[in-house]
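Asker: Chains as they are written, first to last, in this note's numbering: chain A, 1 to 370; chain B, 1001 to 1370; chain C, 2001 to 2370; chain D, 3001 to 3370.
Any given hint could turn out to be false.
Each pair of labels, with its calculated beta carbon distance range [what the hints assert, rightly or not]:
#1 D:Ser-3011 to C:Phe-2092: 54 to 64 Å
#2 A:Asp-13 to B:Ser-1162: 27 to 37 Å
#3 D:Ser-3011 to C:Gln-2181: 23 to 33 Å
#4 B:Glu-1248 to C:Gln-2181: 26 to 36 Å
#5 D:Asp-3289 to C:Gln-2181: 56 to 66 Å
#6 B:Gly-1037 to A:Asp-13: 45 to 55 Å
Now the stretches of chain D that chain A is said to cover, found in silico as 3 or more residues with beta-carbon under 8 Å [to be verified]:
#7 3003-3014
#8 3053-3062
Rather than coming from a laboratory, the hints here were simulated on the basis of the structure.
Ideal Cβ placement from N, Cα and C applies to all residues, glycine included.
Number of protein chains: 4
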Amino acid sequence: MAGRAARYDASGDFPEEDFADLRAAGLLGLMAPEQLGGAGASFADYTDVAIQLGSGAGATALIFNMHASVTGALAHTPDELVRQFGGAEGFFAFRDRVLKGAAEGALYAVAMSERGIGSRLSKVKTSYERTGSGFHISGAKTFVSGAGHADAYLVAARDKHSDEPKISYFLVPAGPGVEVQRTWDSLGMRATTSHDLHLEADVSEDALVGGIEGAALLLAQVMPQWLVASYAAVYVGVAQAVLRHGVEHLRERGLHTLPMVRARLGRADVQVAAAELVVREAARRVTDDPGSPETNRWVWRAKLVAGDTAAEVAFSVLEAAGASATRRGHPLERLYRDARCGALQPATSDVCADWLGASALGDNPDEARW
Amino acid sequence: MAGRAARYDASGDFPEEDFADLRAAGLLGLMAPEQLGGAGASFADYTDVAIQLGSGAGATALIFNMHASVTGALAHTPDELVRQFGGAEGFFAFRDRVLKGAAEGALYAVAMSERGIGSRLSKVKTSYERTGSGFHISGAKTFVSGAGHADAYLVAARDKHSDEPKISYFLVPAGPGVEVQRTWDSLGMRATTSHDLHLEADVSEDALVGGIEGAALLLAQVMPQWLVASYAAVYVGVAQAVLRHGVEHLRERGLHTLPMVRARLGRADVQVAAAELVVREAARRVTDDPGSPETNRWVWRAKLVAGDTAAEVAFSVLEAAGASATRRGHPLERLYRDARCGALQPATSDVCADWLGASALGDNPDEARW
Amino acid sequence: MAGRAARYDASGDFPEEDFADLRAAGLLGLMAPEQLGGAGASFADYTDVAIQLGSGAGATALIFNMHASVTGALAHTPDELVRQFGGAEGFFAFRDRVLKGAAEGALYAVAMSERGIGSRLSKVKTSYERTGSGFHISGAKTFVSGAGHADAYLVAARDKHSDEPKISYFLVPAGPGVEVQRTWDSLGMRATTSHDLHLEADVSEDALVGGIEGAALLLAQVMPQWLVASYAAVYVGVAQAVLRHGVEHLRERGLHTLPMVRARLGRADVQVAAAELVVREAARRVTDDPGSPETNRWVWRAKLVAGDTAAEVAFSVLEAAGASATRRGHPLERLYRDARCGALQPATSDVCADWLGASALGDNPDEARW
Amino acid sequence: MAGRAARYDASGDFPEEDFADLRAAGLLGLMAPEQLGGAGASFADYTDVAIQLGSGAGATALIFNMHASVTGALAHTPDELVRQFGGAEGFFAFRDRVLKGAAEGALYAVAMSERGIGSRLSKVKTSYERTGSGFHISGAKTFVSGAGHADAYLVAARDKHSDEPKISYFLVPAGPGVEVQRTWDSLGMRATTSHDLHLEADVSEDALVGGIEGAALLLAQVMPQWLVASYAAVYVGVAQAVLRHGVEHLRERGLHTLPMVRARLGRADVQVAAAELVVREAARRVTDDPGSPETNRWVWRAKLVAGDTAAEVAFSVLEAAGASATRRGHPLERLYRDARCGALQPATSDVCADWLGASALGDNPDEARW
């Protein structure tokens, strides 16, 4: 995949070959339990895979991350929680169907963001209403990685007829009423094809995730890892790629003995090593103790540190490498652009810092967050 | 020009229309004295123009900077210095011819860099030797902004038959033996068309700048402003553009009241204001007291602070602006890439810091520099 | 003074000898007009003096700054403004009396801050009420530089009987009812003797500054230089001292040729040079065009950049100098502590960044500021 | 101990009470094996203790670190290594004697540094020569934490009669010929009493560590953890204390809801969390796989990240806390000074960055290091 990354970056096309490989390797079923044909991976396992993918092909890793978020969140939603919502029967059937699909090669994408609301779930304008046979969903989504290539989209929408912000999730199959508008042409992570999605879709009753309405906001607080920090592993991989290609370039050019080059690489090395530890610590805690306050702090830390580290390391290593590494086609040129995107993806670094500051200072960091 | 910048950035083409405008406005003669049809501008005047150009169209400003370097260095070389080298007659005729050409619309470019030598003039591998009718110049140059569109190129070359590094300048007309290889396809400043130049050119006797051989290294120390710091003004302009487009974007999106956005913009504002002062102070001193040790310190400061400021401000303001500003075509997306290039252009920021540190610590900063 | 700085830092005593020298040199009358026996200095002149003082003895320079603020603000208050408030007669007599006093060697201090209100003038709790013969002032002040050694204190107090925040200034002579509580024992700038002041003072009618009540908040917006940025020059001086002593130490120890040392010093050099330009630009504008929106932006920039620069440069140069420079008595040890205080003095750097961000983003930065 | 830290900082006295407590708790025997009466701790165990101590009383933790370095390095020197040097018999007896002493309450200090050589072991000027009954050691040491309070000092000295730099270790008992010169009066970590030591001491044969001459340089490369990174844990503790006291101060003052305060605390939180992970990862690897190239990289990373994190976090949190936290006696005032010392202790952060850069770039980082 690393060998194809430059090409997909240049064209901005969906990395078909990468996903053919992932599908063939059974990795679309990574998060599905073994009894449904998957690998039964934990969040820590996912993190391991995502770092490796991100180190080779960042955009591919981000699309994969969205798929893993859908399947992982489903696979790991605690049964008790589902039962609290009185949704057990429907939910379990839904979950098994979706995860079995993934294990068989289906690709899922996430359609959460909308223009002007950032990632504030409670502000979602896409709406749904009941029809005779299910629901009608209407609205527009943005930043939908994998748009046009996914088999179904996880869509956050509000109940059109509720005064309260009642936000529900739907898994909307690609097809009529789901139109991709090719708006994505971006600084970095170009091959994610994160286009806009226009929805005027009629879906059946069982597209409502788990048959439960209004659970979206709660889930965001209970399982922030998939909304907040699953990107983090990808950007650790990107940062590692910066180091790897930086070292290669600097040795080739004979610049590796310059004191300032050494200083830049030394500081970059420790930053990347630290970021990886933070992301893996968060992953380990999500795996062992999901949803606890301390685990959630690590989730936010992971997002902040991974996004900032990738961007800062790319900034500094490109400076060490010099103008010759800014030619298009040079891996550092692409990585410089890719690396900048992590801190900008929600939750942005400034938002993470605010959450963590509130938490450190003893306030409720989730208050008015989503 | 600001309105065309996105288009030229996308295509990577030479900004023909911008140069038609500059030519029409008489700006190619900016540095030529009035008696030769020019504007007789000082370095401070140039700085003023370059900041404004850079604020609208960075790549155009960089090409213009190269032209201004050739014409400005010629126009401002002190007569005494020329006489010291025993080159008065030839030099003054040469100078007048070139500057008159500029005033009439000729565009000059600089062909100094070579692969693997950075900007170390003394390491230049392009060579020259005398022929019956003048000189033969042979070699390859890189990062030649305006390549393919200039009327002549200022080429640094070494005497093929001298054991000492005897480096001379030639003004080589575009034409046979001067071949452009279209290698430029870069992260930022894409419309500079800074392609490679292959030289197997026979030039007449009067192509030797001023009829003086071996003066290149000395000139670098005596007039570092044109080699080191004329870029600086361009990047102050770029940094100002980042602020301007950042404010516009943030107000449009209604993000301007967020405390972290305000903090980022406030700190960017002061950084840009400070960089402009440093660059203008250097320009004022170059104008009033060229070549003095204190003036030269300001020249190196200007280069360091302008390159770093543009890059850092673009980094931070893009983070404030968020993912929506990373779409290609958005001014901040382009400026983010353009702004990164300043610190990488020779003298790089790390080289400037080393020069300034040596100077501050009482050592000779020019020792073994070029 | 530079020679005494270590001693006054160690003891935390008021720098008696320094002020004897300043008095002897006529510098207490710096801001008083010539016809009253002073030097008739502009804000730019003050800045020049303050940089030099700060470079030798930071704490002395800060006390002097407070005195200059009182005398300078009085000397430079535009007559029109006074007339607008209907206070001409009283004000001019008051002003002349105070400035003549300064020219004759009187020292004034400022008693503005109070515990828990930072520098929010509108929150001042110290109150005043009319008595038969003048006013009674009651309250407690903190961070009163020069406390115990000033001849009179400029005190901000609120009208005890007004519901609106009606804040007025009084010049309260040292004496009965003005008690110094020796609380100052600080990380840095130790010799400022910025103790607490307890006030239960009866003052005569003419202690009310200019005979005008309720003008304090307006003055803060109209002449922010004395509240916001007169510190700035002192910290530029401190930053210059860091460079000077850093170079001396590094050469003595033979560390000046280490590449990382050179890089640190080079970057520090340019930061200090830039900060000085910003502070002098602000001073020039205050002198030429006081109170204009653009001038005020420079005032806030000056405060931000000077405080941050001093602290950052001291941080980095101490790191270059190494553990041997952390012994008490070493100038870098003291300067490291002194330099940290600038950004913490109101307006703090974070407050300045917020003000500048609001201004850059087109909002009213003074809204709800004081 | 946390309760006493302010007092010992103010006086600069050795923390007698803290060491009485440590002795009573058996912690002086922490690194001694259980069969000799100790706790048989690993490097990871030590790290745990040092973080906790550092979080309460940094100076005490640093003295303890020196003691742990002596006892830990002895306890963990691999038997094979000793045998390679042909020193088994003598070494094992020596080791047992020293460790048993520690378990019984003896305190050891390290006397390695000398003026003007930093921590370059090969440059040591203190010399030794054989006498009839043992050795005579002559020279001067600096930065000897615990000087005047240790029972014996680990002294690095060179063979006076060898042309090669043959550096050996001696354990020199306090007593005649070992004179403490009270030079320590420092910015931070004041209670370490890191005074100078003047040596004109006659020691018996068995003071030569392990009976082996010339092993010092090799040991530095084989077991860098005790020379390079055992400080690191202390500074993680210091950084944690900064957070703890910062939160306490900010809540008390009601500043905890300010956005910039939250942002500072959030970023500090993640920096401290990351530093702790790096230090613990290094400790885990030293414990499980001591001396391997990958382990040693983590050792250098730990030193760099801990020193920088403590200093940067203290810098930022003090700025959040404001001027009221700069009064002497306030924990943040002390921590600000203490925290600055980590990056300056050898190996300094710049040296660590250079080592890590060389290693990342594929060069031998230990070449010409000691």
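Asker: Work down the list of hints and note, for each, if the structure agrees.
Answerer: Each hint, compared with the structure:
1. D:Ser-3011 to C:Phe-2092: 54 to 64 Å: 55 Å Cβ-Cβ, so the 54 to 64 Å window holds.
2. A:Asp-13 to B:Ser-1162: 27 to 37 Å: violated, 54 Å
3. D:Ser-3011 to C:Gln-2181: 23 to 33 Å: Holds, at about 24 Å.
4. B:Glu-1248 to C:Gln-2181: 26 to 36 Å: violated, 52 Å
5. D:Asp-3289 to C:Gln-2181: 56 to 66 Å: Taking Cβ atoms as reference, Asp-3289 of chain D and Gln-2181 of chain C lie about 60 Å apart, which means the hint holds.
6. B:Gly-1037 to A:Asp-13: 45 to 55 Å: At 53 Å between Cβs, range holds.
7. 3003-3014: With 0 residues closer than 8 Å to chain A, the stretch 3003-3014 of chain D misses the three-residue bar; violated.
8. 3053-3062: Coverage by chain A is violated for the stretch 3053-3062 of chain D (0 residues, Cβ < 8 Å).
Of the numbered hints stated above, those contradicted by the structure are hints 2, 4, 7, 8, listed in ascending order.
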